[in-house]
Amino acid sequence: MKNQTAKKPLLAALGLCALLLGQSALAVEIQSLRGENAIDETTEVPEVKRYNKDGQPLPRNYVLQPPLIPHKIDGYEVTIKHNKCLSCHSWKNYRRHHATKISQTHFQSRDGVVLANVSARRYFCLQCHVPQTNALPLVDNTFEPVESVSSW
Amino acid sequence: MAKRNIAIGTLLVGMVLGVIFWGGFNWAMELTNTEQFCISCHEMRDNVYAEYKGRIHDLNRTGVRATCPDCHVPKEWIYKIKRKIQASNELYHKVMGSIDTREKFEAKRLELARHVWKTMKETDSRECRNCHEYGSMDYMAQGRRARREHQEGLDAGKTCIDCHKGIAHQLPDMSEEDPSAVLAVKPE
Chain A
1 MKNQTAKKPL LAALGLCALL LGQSALAVEI QSLRGENAID ETTEVPEVKR
51 YNKDGQPLPR NYVLQPPLIP HKIDGYEVTI KHNKCLSCHS WKNYRRHHAT
101 KISQTHFQSR DGVVLANVSA RRYFCLQCHV PQTNALPLVD NTFEPVESVS
151 SW
Chain B
1 MAKRNIAIGT LLVGMVLGVI FWGGFNWAME LTNTEQFCIS CHEMRDNVYA
51 EYKGRIHDLN RTGVRATCPD CHVPKEWIYK IKRKIQASNE LYHKVMGSID
101 TREKFEAKRL ELARHVWKTM KETDSRECRN CHEYGSMDYM AQGRRARREH
151 QEGLDAGKTC IDCHKGIAHQ LPDMSEEDPS AVLAVKPE
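Heads up: the protein sequence lines correspond to chains A and B, in order.
With the first letter of the first sequence counted as 1, position 136 gets the number 136 in this note's numbering; the numbers rise by one all the way through.
With the first letter of the second sequence counted as 1, position 154 gets the number 154 in this note's numbering; the numbers rise by one all the way through.
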C-alpha cells in the first residue's frame with residue numbers, strides 16, 4: 001500500500017506525458033468512421049463481412065494466445081444456465097465431439113484456488129475467443145514469434 | 001314407402017351433418033395448428049416465442065420457416081389427435097396459472113423440456129425429419145463438424161434431439177444431465 005502511494009506522482013507525470021504525446025499524434029491521423037466523406041454525402045456501403053465456414057484449428061500467433069474459433073457459432077448461446085461451447089469443449093464432452101478441450105488454466109479462481117468446474121471469470125468464452133470473418137487486417141503487423149516457442 | 005323415404009332422408013341428413021362436423025373438426029384442428037394460435041397465450045409468446053424469434057427456424061438465408069406446430073404437432077392424423085388431446089393439459093395449466101410469470105416458467109422449464117425431449121426421442125425426432133432427413137443430407141456440403149458427427153450419429157443410431165437440444169429456445173439449467181456445461185458457482 002505504502003509503495004503505491006509513493007508511485008502516484010510519478011505515474012501521474014508519465015500519464016500526462018503519454019496524453020500529450022498521444023494527442024499530437026491523434027491530431028494528424030484521426031479519422032472518423034465515415035472516412036474522408038463530406039458530412040452531407042452518403043457513404044459507400046461497406047462489403048458485408050461473412051463468418052468463415054467450419055475449418056481446421058487456426059495457428060496461434062504467439063505464446064498464450066487465446067485460440068481463435070475455426071467454425072461458425074450462429075445461434076450458440078452462453079447463458080447463466082447453459083454454455084453451448086462447453087457442450088463440446090468441456091473435459092467431459094470433448095472426446096465425443098472431437099473438439100479441443102478447455103484449458104486447465106480455466107479452472108482457477110482469481111485467487112489461484114483450483115476449482116472443480118470452469119471458473120466464473122472464464123465462463124463467458126467469447127470474451128477472449130472469437131470467430132473469424134473474411135476481413136483483411138486493418139493494420140500491418142510485422143510481429144514474429146520467437147522460434148523456440150512457436151509450435152506452428 | 002314412406003318409411004323407406006324417411007330412412008333415406010335420415011341417412012342423407014346424417015351424411016351431410018357428418019361432413020359438416022368432420023369438416024368443422026378438421027377446420028378447428030387446422031385453426032389451432034398455427035403459430036398465431038400458439039402465441040395467443042402470453043405464456044408461449046413471452047417466453048419460447050420471444051427466444052425463437054431471429055433464430056435459424058424463424059430467419060434464414062432461404063426464408064423458409066419452421067413454426068411451432070411444425071416441431072411440436074405431428075403431421076399424421078392419429079398422432080395429431082393424440083397431441084391435441086394432450087394439449088388439454090396446457091389449458092388446465094393455463095387456468096391454474098402454472099407458468100404465468102417468467103419466474104414460474106423458468107422454474108418449470110426443465111420439466112417441460114424433458115417432456116419434449118422424451119417425445120422426440122421416442123419418435124426418432126419425427127417432426128424434425130418431416131423436413132430434414134439424414135438420407136437427403138449432402139454431407140460434402142455440410143460443415144466439417146456436421147459432416148463427421150452426422151455420419152457417426154447415424155451409425156450409432158442417434159437421433160436429432162440427442163445433439164440439437166436448444167435449437168429453437170434457450171436451454172434450462174441442465175446440470176443434472178451435464179454438470180460440465182453450466183456455471184458452477186451461481187451469483188446470489
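Errors might be hidden in some of the hints.
Said to hold, decoys possible - Mimicking BS3-like on lysine-lysine, the simulated pairs with C-alpha atoms at most 30 Å apart in a straight line are:
| no. | chain 1 | residue 1 | chain 2 | residue 2 |
| --- | --- | --- | --- | --- |
| 1 | A | 101 | B | 121 |
| 2 | B | 82 | A | 53 |
| 3 | B | 3 | B | 165 |
| 4 | B | 121 | A | 72 |
| 5 | B | 104 | A | 84 |
| 6 | A | 72 | B | 82 |
| 7 | B | 53 | B | 94 |
| 8 | B | 108 | B | 118 |
| 9 | A | 92 | B | 158 |
| 10 | B | 84 | B | 158 |
| 11 | B | 53 | B | 82 |
| 12 | A | 101 | B | 158 |
| 13 | A | 81 | B | 108 |
| 14 | B | 82 | A | 92 |
| 15 | B | 104 | A | 72 |
| 16 | A | 92 | B | 94 |
| 17 | B | 118 | B | 53 |
| 18 | A | 72 | B | 165 |
| 19 | B | 3 | B | 53 |
| 20 | A | 84 | B | 121 |
| 21 | A | 81 | B | 121 |
| 22 | A | 84 | B | 158 |
| 23 | B | 108 | B | 53 |
| 24 | B | 84 | A | 92 |
| 25 | A | 81 | B | 3 |
| 26 | B | 118 | A | 81 |
| 27 | A | 101 | B | 104 |
To be verified - Covered stretches of chain A (in silico footprint by chain B; criterion: 3 or more residues with CB under 8 Å from a CB of chain B, positions within the stretch not fixed):
| no. | region |
| --- | --- |
| 28 | 111-125 |
| 29 | 133-142 |
Stated by the list, open to error - Which residues of chain A face chain B? A few of them, derived with a C-beta cut under 10 Å, are:
| no. | residue |
| --- | --- |
| 30 | 40 |
| 31 | 49 |
| 32 | 71 |
| 33 | 82 |
| 34 | 86 |
If you are wondering where the hints come from, they were derived from the structure by calculation, not from laboratory data.
The beta-carbon is built from N, C-alpha and C at its ideal position, and this holds for glycine as well.
Evaluated hints:
no.: 1; hint: A:101 with B:121; result: 28 Å, holds
no.: 2; hint: B:82 with A:53; result: 42 Å, violated
no.: 3; hint: B:3 with B:165; result: 64 Å, violated
no.: 4; hint: B:121 with A:72; result: 27 Å, holds
no.: 5; hint: B:104 with A:84; result: 24 Å, holds
no.: 6; hint: A:72 with B:82; result: 38 Å, violated
no.: 7; hint: B:53 with B:94; result: 23 Å, holds
no.: 8; hint: B:108 with B:118; result: 16 Å, holds
no.: 9; hint: A:92 with B:158; result: 19 Å, holds
no.: 10; hint: B:84 with B:158; result: 27 Å, holds
no.: 11; hint: B:53 with B:82; result: 28 Å, holds
no.: 12; hint: A:101 with B:158; result: 23 Å, holds
no.: 13; hint: A:81 with B:108; result: 14 Å, holds
no.: 14; hint: B:82 with A:92; result: 38 Å, violated
no.: 15; hint: B:104 with A:72; result: 34 Å, violated
no.: 16; hint: A:92 with B:94; result: 39 Å, violated
no.: 17; hint: B:118 with B:53; result: 24 Å, holds
no.: 18; hint: A:72 with B:165; result: 17 Å, holds
no.: 19; hint: B:3 with B:53; result: 62 Å, violated
no.: 20; hint: A:84 with B:121; result: 20 Å, holds
no.: 21; hint: A:81 with B:121; result: 23 Å, holds
no.: 22; hint: A:84 with B:158; result: 19 Å, holds
no.: 23; hint: B:108 with B:53; result: 21 Å, holds
no.: 24; hint: B:84 with A:92; result: 39 Å, violated
no.: 25; hint: A:81 with B:3; result: 72 Å, violated
no.: 26; hint: B:118 with A:81; result: 21 Å, holds
no.: 27; hint: A:101 with B:104; result: 36 Å, violated
no.: 28; hint: 111-125; result: holds (count 7)
no.: 29; hint: 133-142; result: violated (count 0)
no.: 30; hint: 40; result: 35 Å, violated
no.: 31; hint: 49; result: 16 Å, violated
no.: 32; hint: 71; result: 6 Å, holds
no.: 33; hint: 82; result: 4 Å, holds
no.: 34; hint: 86; result: 4 Å, holds
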